[in-house]
Structures are given as C-alpha cells and as structure tokens.
Amino acid sequence: MAGRKLNKHWKGILLFLLPVIVLYGLFFVYPLGFVFTVSLTKWNGVSAMKFIGFKNFIDNFGNQNFQLAVRNNFLWAFALGVVQITLAATVAMILARRPKGWRVLRTVYFLPNVISKVAIAMLWLAIYNAEFGALNAFLDMIGLSGWTHNWLGEIETALPAVMFQEVVYIGYFMIIILAGTMSVPESYYEAAQIDGANVWQQERYITIPMIRSILVTAMTLAVAFGLRHFEATFLMTNGGPANSTTVMGLILYKALAALDYGHANATGATLIIVGAIIIAAIRRFLSSRDAVAESKQ
Amino acid sequence: MPGRELTLTDIIAKTAKWLILVFFLIMTFVPIVWLIISSFKTNLELQTDPFSLPAVWQFQNYVDAIQVSGLPRLFVNSIIVSSLSTVLNVIITSMAAFAFSREKFRFQNTMLNMILAGVLVPIIALMVPYFKIITGVGLYDRLWGLVITYAAINLPISLFLIYGFMRTIPKELEEASIIDGCSFQQRFSRVVLPLSKLGLVTAGTFVFLFSWNEFIYALLLTSSMRARTLQLGIRFFKSQFITNYTSMYAAITLAIIPSIAVYIFFHERIIKGLTSGALKG
Chain V
1 MAGRKLNKHW
11 KGILLFLLPV
21 IVLYGLFFVY
31 PLGFVFTVSL
41 TKWNGVSAMK
51 FIGFKNFIDN
61 FGNQNFQLAV
71 RNNFLWAFAL
81 GVVQITLAAT
91 VAMILARRPK
101 GWRVLRTVYF
111 LPNVISKVAI
121 AMLWLAIYNA
131 EFGALNAFLD
141 MIGLSGWTHN
151 WLGEIETALP
161 AVMFQEVVYI
171 GYFMIIILAG
181 TMSVPESYYE
191 AAQIDGANVW
201 QQERYITIPM
211 IRSILVTAMT
221 LAVAFGLRHF
231 EATFLMTNGG
241 PANSTTVMGL
251 ILYKALAALD
261 YGHANATGAT
271 LIIVGAIIIA
281 AIRRFLSSRD
291 AVAESKQ
Chain P
298 MPGRELTLTD
308 IIAKTAKWLI
318 LVFFLIMTFV
328 PIVWLIISSF
338 KTNLELQTDP
348 FSLPAVWQFQ
358 NYVDAIQVSG
368 LPRLFVNSII
378 VSSLSTVLNV
388 IITSMAAFAF
398 SREKFRFQNT
408 MLNMILAGVL
418 VPIIALMVPY
428 FKIITGVGLY
438 DRLWGLVITY
448 AAINLPISLF
458 LIYGFMRTIP
468 KELEEASIID
478 GCSFQQRFSR
488 VVLPLSKLGL
498 VTAGTFVFLF
508 SWNEFIYALL
518 LTSSMRARTL
528 QLGIRFFKSQ
538 FITNYTSMYA
548 AITLAIIPSI
558 AVYIFFHERI
568 IKGLTSGALK
578 G
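Chains as they are written, first to last, in the working numbering: chain V, 1 to 297; chain P, 298 to 578.
Among these hints, one or two may not hold up.
[Stated by the list, open to error] With beta-carbon atoms standing in for the labels, derived distance ranges:
{"#": "1", "chain 1": "V", "residue 1": "Asn-65", "chain 2": "P", "residue 2": "Lys-429", "range": "22 to 28 Å"}
{"#": "2", "chain 1": "P", "residue 1": "Gly-367", "chain 2": "V", "residue 2": "Val-104", "range": "43 to 49 Å"}
{"#": "3", "chain 1": "V", "residue 1": "Val-82", "chain 2": "P", "residue 2": "Thr-540", "range": "38 to 44 Å"}
{"#": "4", "chain 1": "P", "residue 1": "Thr-339", "chain 2": "V", "residue 2": "Asn-150", "range": "22 to 28 Å"}
[Stated by the list, open to error] In silico DSBU-like links for lysine-lysine, alpha-carbon gap of 35 Å or less:
{"#": "5", "chain 1": "V", "residue 1": "Lys-42", "chain 2": "P", "residue 2": "Lys-429"}
{"#": "6", "chain 1": "P", "residue 1": "Lys-535", "chain 2": "V", "residue 2": "Lys-254"}
{"#": "7", "chain 1": "P", "residue 1": "Lys-311", "chain 2": "V", "residue 2": "Lys-100"}
{"#": "8", "chain 1": "V", "residue 1": "Lys-100", "chain 2": "P", "residue 2": "Lys-569"}
{"#": "9", "chain 1": "V", "residue 1": "Lys-11", "chain 2": "P", "residue 2": "Lys-401"}
{"#": "10", "chain 1": "P", "residue 1": "Lys-494", "chain 2": "P", "residue 2": "Lys-569"}
{"#": "11", "chain 1": "P", "residue 1": "Lys-468", "chain 2": "V", "residue 2": "Lys-11"}
{"#": "12", "chain 1": "P", "residue 1": "Lys-314", "chain 2": "P", "residue 2": "Lys-569"}
{"#": "13", "chain 1": "V", "residue 1": "Lys-100", "chain 2": "P", "residue 2": "Lys-314"}
{"#": "14", "chain 1": "P", "residue 1": "Lys-401", "chain 2": "V", "residue 2": "Lys-8"}
{"#": "15", "chain 1": "P", "residue 1": "Lys-429", "chain 2": "V", "residue 2": "Lys-55"}
{"#": "16", "chain 1": "P", "residue 1": "Lys-401", "chain 2": "P", "residue 2": "Lys-468"}
{"#": "17", "chain 1": "P", "residue 1": "Lys-569", "chain 2": "P", "residue 2": "Lys-468"}
{"#": "18", "chain 1": "P", "residue 1": "Lys-494", "chain 2": "P", "residue 2": "Lys-401"}
{"#": "19", "chain 1": "P", "residue 1": "Lys-429", "chain 2": "V", "residue 2": "Lys-254"}
{"#": "20", "chain 1": "V", "residue 1": "Lys-8", "chain 2": "P", "residue 2": "Lys-468"}
{"#": "21", "chain 1": "V", "residue 1": "Lys-42", "chain 2": "V", "residue 2": "Lys-254"}
{"#": "22", "chain 1": "V", "residue 1": "Lys-50", "chain 2": "V", "residue 2": "Lys-254"}
{"#": "23", "chain 1": "P", "residue 1": "Lys-494", "chain 2": "V", "residue 2": "Lys-8"}
{"#": "24", "chain 1": "P", "residue 1": "Lys-494", "chain 2": "V", "residue 2": "Lys-11"}
{"#": "25", "chain 1": "P", "residue 1": "Lys-429", "chain 2": "P", "residue 2": "Lys-535"}
{"#": "26", "chain 1": "V", "residue 1": "Lys-11", "chain 2": "P", "residue 2": "Lys-429"}
{"#": "27", "chain 1": "V", "residue 1": "Lys-50", "chain 2": "P", "residue 2": "Lys-429"}
{"#": "28", "chain 1": "P", "residue 1": "Lys-569", "chain 2": "P", "residue 2": "Lys-401"}
Hints are computed from structural coordinates only; laboratory data are not their basis.
C-beta: ideal position from N, C-alpha, C; glycine also.
Sequences and hints are given; from them, build the entire structure.
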C-alpha cells in the first residue's frame, strides 16, 4: 500500500480509535499473551517466574480431577449444543407455524433467560433441597417416595440435576432459531403440501436445510457456553460430590485462589485451545454440505 | 387444510406439539411461582405443606430478607456498575464504529476483524490476568474495577452491533453536512450519532444486561460490601440465612423481580433486538 495518501482526518480517526485500542489491548491482547506465557511457568504471583515448559499441562492431564473436568465440559457442550438446541429448534418449528397464542408463548419462554444464572441456580437449589425441596415433596405427594434423592449430594444425580436447570430454559436459542424459521417463504410449504408432504417431511426437507446456517451458529454458541460453564456448578455443588460435577472453569478458579498461577493459566489456555478446535470443527463439518449445495446452484 | 382428512401422523404431531408447549410452559412458571408462594410461608409450613398457599401471608419474611441480605446496597451497586459500564462502552465503541464505518485508512479491516474476533475469546479463561490488571491499577474491590472490566469485555459485541448499524446510514446525509462546513467531530456528533440511536440502544441493552447478570468477575474482583453487586450478593444468601429458607426465598424473589419487571415492559424491544441480530449473524 505504499504511496497511498494518508486520510486527511487521520488525527481525528486516531483519536476516535484510541480508547477502543487501549482497552482492547489491555483486556484482550495482553491477557491472551499473559495466559499462554504464564501457563509455561511456575509462579505464585509474588516470587520470580520460573519457566518449566509444558509441565503444567502434563500435570493437568495426568490429574484425575482435571480429566473429570474435561469430561464434564464435553458433557455440558453436548447437553447445550445437542440436547438444548434440538429442544429449542423443535419448539421454534412448532411456533413458526403460528399456533394460537404463539406470540405470547415466545415471550413467556424467553422470560427465564432475563433472570441471572445465579438467581436461577439459587431457585433450583431450593427445588433440589433434600429436606425442604419442591421436587422431593412432589414425589412424596404422588406416591413416588422411592424416587426421592439428595439430588445435588449424590454422584449419580448431581451432574444431571445441575445440567437440567440450564438445558430446560431454551428461550434464547429458541428465539434465534425461530427468527430463521419464520423467514422461510410460506410458498415453499404450500408447494410441499400440494405434493402431499406431511408435517415431518416439510420440517425435515424444507425447514432444516433452509435454517442450517442459523442452527450451526446457535450450536457453536451453545457449545462455547458449555465449555465456559461455571456459575451454576460453583453455586450448586462447587464441583462435588467427590468432584463429580467439576468443570475447567472451577479448576481454574480454585488454582487461582491457591496462588498456583501456572496451573491456573494452563487450564485457561486449554480452555481457549479446546474451544477454538471444537468450534472450528463444528463450522467445518456442518457447513461443508452448505458449500457443496451452493456450488451446485 | 381443506379436503384433507386427519391422518394418524397428524394426530400424533398435534398431541406431541401441545405436550411440548405445555411442558416448557410448566418449567417456566411453576418453579418461580412455587418460590414466590413459599417465600410468604413459615419454615414449618414449607416443610409440612410445601404446595399449599400460606395460612397467614408472612410479609415479615421480606422485612427480614432486606435486613439480613443488605439488598438495597447490592441494588445500588449493581445499578451504578451496569449504567456506567454501559455508558462507557457505548461512548467509546460508537466513536470507533464511526471511524471504521465512515472513513478509509490503513489496517482498517485488519483492526476491525481483530477486535470483532474478540467475541470468540472465552473470557473465563482470562481470570488470572484480569485479576492481576485490576489489582495492579488499584481497583480491586472498587466499583470502577467492575465498570471498566465490563465495558472492555463487551467491546467486540458492541462494536459489531453499532458498526453494523452505522454502515447502513447513507453517505449522502454526511456529504450534505460537509458542504455545510461540519468538521470530522461534528459529522459524528451531529449527523451519524443521532441517526444511530437504535443501534446504540440495542448495544446498550446488551451491555447493561451482561453487566447486571455478570457473576464470575464480580466474584473475582471484589471482596466486601463496598463493591458487591446483586448477583454476587445472592451467593451469600446461603450463608446469611442458613436454615431460614423462607426468608432466603423472599430475598431471591426480590432479586428476580426487577429483571421480570423490566422484561414485561421491554420484551418487544429485547426480542426484536435478538431476532434482528440473529438474521444478520
């Protein structure tokens, strides 16, 4: 670009960009460099940093808690990226056919998403409570006392219980997918009906291919949320019982609290790298057929 | 569907449809309604009649809730943090969005794409550096520490929204103002900014909701009531109320109500914002 003239407002432009550049440098560029650098050291934040190569990563992956955390993060990514997206897409497709009261339902389903995850977690803590909780009380009432559990205190039920209270609130993804579904031209469905296609066939062969890119976007977001999961687990189980619900975010937080910055940042770096790989894989794998379809047009 | 009889598939589809819709309706309302009703009971009633209405409505629970939890202070802190981070974020991103959308300069696309790529960074992975930065500048356990952090975290999403909006404003409007003798800054403040109101409101809503609901960095960057926000305060209800469950439920109810109230008034705008964002992305 040699010889290109400097924009005559360059001073103004620089002035207008400066705050964003400074904040972005301070809160994105520098921290990312920091995480990857410190992940290769032994450091407690006070004494001198000691370079130890990939030892923190090797330690982490050899540690049973960390392995559990990685497994749980993948389960979370599945619970949100596959289960929740499927539920959200199903409801979106139902509402897109504009049944009676669909506008009200759309508004109502989104309601829990404006309440903070923390408050929702506290609400479910009350429901799952072994002695005073609504769930056990309800099971007792309908004569299923044998099904009662200390939901958050037993290894078999704790993780599903924490996941359920997040997966069931589909509002956010439902709204996004609904917007896509409603933009499919009505005439496509009319033509299919004339050809005798039933509801399933219409959704399978018209809606899903038409909203593919929105589904991929929603799924990418949901998987990212699953890998970053923290709040509900921190509040409801703090990783217990017996570390069965722990996640990478929690391990990072605990390592930080213990001033073990090397392992904390190695965990952070793992989170960033795993997230980037999975998201790239989803987009490549699921979007590839799009590209094929486009090239045929 | 005139002229078509209902097949078995249609009947199954119809039943499944209503079962699904009703299930999510129950999951949305029943837990919250149960919590609110329970918050008016005595603890004994909660245990013996968990699903009945309270015999006597215990408004005292709410008095206790406010006294024990320090809710008023938490609210004030949350409002300060959310408002200031929103204003700070929207001011600086709208300036950058103006430069990016109305001018041509070197490294423009590289810079823009790099900042926008920030939405992909899992912010939770940056706990240690954020902690170090905020303690380093002396803002640990200060509201300003949270304000700056929240404003910064939301730069990419906010720039995406405001830049996307400003790009659609016709250049002709500005050309007229240049002829009238408007400077670079005046084009921003008098022409583009007023026309971008809707974009600014959408971005502002996002930043405000994020800041209002944020938990992880409120946990990491504060240690006392001085800078404790509502979401972090909720965490302490467990230890503050111990076994006084119904008063704790009252405190949770009080913490949830404002979000629901705001949603009742603004749901159309919030859903519209989400919908248009989805179609652009």
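Just tell me: holds or violated, for the beta carbon distance of Thr-339(P) and Asn-150(V) against 22 to 28 Å? 24 Å, holds
What's the verdict on Lys-401(P) and Lys-8(V), does the C-alpha distance respect the 35 Å limit or exceed it? OK: Lys-401(P) and Lys-8(V) at ~10 Å, within 35 Å.
Restraint check for Lys-468(P) with Lys-11(V), where alpha carbons must lie at most 35 Å apart: 21 Å, holds
Are the Cα positions of Lys-429(P) and Lys-254(V) separated by 35 Å at most? 16 Å, holds
Under the criterion that the straight-line Cα-Cα distance not exceed 35 Å, is the pair Lys-42(V), Lys-429(P) satisfied? 16 Å, holds
Decide if the proposed pair is consistent with the structure: Lys-494(P) and Lys-569(P), CA atoms, cutoff 35 Å inclusive. 15 Å, holds
Going straight from one Cα to the other, do Lys-50(V) and Lys-429(P) come out at no more than 35 Å? Between Lys-50(V) and Lys-429(P) the Cα gap is close to 18 Å, so the pair holds against 35 Å.
Check whether the Cα positions of Lys-494(P) and Lys-11(V) lie no farther apart than 35 Å. 25 Å, holds
Hinted pair, alpha-carbon criterion (35 Å max): Lys-8(V), Lys-468(P). Please report holds or violated. 18 Å, holds
Confirm or reject the claim that Val-82(V) and Thr-540(P) have a C-beta distance inside 38 to 44 Å. 39 Å, holds
With a cut-off of 35 Å on the C-alpha distance, tell me whether Lys-100(V) and Lys-314(P) pass. It holds: about 12 Å lies between the C-alpha atoms, which stays within 35 Å.
Take a quick look at whether Lys-11(V) and Lys-401(P) sit within 35 Å of each other, Cα to Cα. 13 Å, holds
Taken one by one, the earlier hints fail for this structure only at number 2.
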